[in-house]
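Peer 1: Mapping of the sequence shown onto the working numbering: residues 12 to 181, in sequence order.
Treat the hints as calculated values from the structure; they're not laboratory data. Only a predicted model underlies this, so the values are computations on that prediction, with no experimental measurement involved. A virtual CB, placed ideally from N, CA and C, is assigned to each residue, including glycine. Incorrect hints may appear among the rest.
[As the list claims (entries may be wrong)] Each pair of labels, with its calculated beta carbon distance range:
1. 142 to 70: 39 to 45 Å
2. 70 to 164: 23 to 29 Å
3. 78 to 31: 21 to 27 Å
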Amino acid sequence: RCAGRVEVQHDGRWGTVCDDDWGLPDAAVVCRQLGCGAALAAPPGAWFGEGSGPIWLNGLRCRGTEERLALCRHRGWRPHVCAHEEDASAVCSACTGTVCTGTPHPWVQGCAPAPTPASLPGGPTMRLVGATGRCAGRLEIFHAGHWGTVCDDLWGLPDAAVVCRQLGCG
12 RCAGRVEVQH
22 DGRWGTVCDD
32 DWGLPDAAVV
42 CRQLGCGAAL
52 AAPPGAWFGE
62 GSGPIWLNGL
72 RCRGTEERLA
82 LCRHRGWRPH
92 VCAHEEDASA
102 VCSACTGTVC
112 TGTPHPWVQG
122 CAPAPTPASL
132 PGGPTMRLVG
142 ATGRCAGRLE
152 IFHAGHWGTV
162 CDDLWGLPDA
172 AVVCRQLGCG
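Can you build the whole structure from these sequences, using the hints too?
Peer 2: Written out as structure tokens, the structure is:
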């Protein structure tokens, strides 16, 4: 699948996108623009590492239906007061290794290799319990030395898809 830090080219320079107001609708536009299928997650906080150079966009307010990120509402094309620790990321569904199933738009960088649980920075250890087999059950996360459950508020199929992929369950 396609996954990585979101970078855009403006005035001939590559830069990042701040994660202020960043969410699944914004990631959906990036995934569509790259030809990488549906958005599975919009991780905050430079999940795939900090970029460098200008932070070109901030406060994106995509509806999720736009064809290109540039068509979303935002605070303007300019360097923003946002630290690279806030670089936006996207995890999409339809990429194999580093090859997207579609043609990426020229000013959005292509896919990164699919992350594995071990490669996700600060990625928690997770498991599914209470059902037959390792690919079904209640989600638990190992954090600060303890296993705990995950609240289902706002939980949906895109969230479950990320867990399944991270656990190698398809």
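Peer 1: Work down the list of hints and note, for each, if the structure agrees.
Peer 2: These are the hints, each one checked on the structure:
no., hint, in the structure
1, 142 to 70: 39 to 45 Å, "holds, 41 Å"
2, 70 to 164: 23 to 29 Å, "holds, 25 Å"
3, 78 to 31: 21 to 27 Å, "holds, 23 Å"
Of the numbered hints stated above, none is contradicted by the structure.
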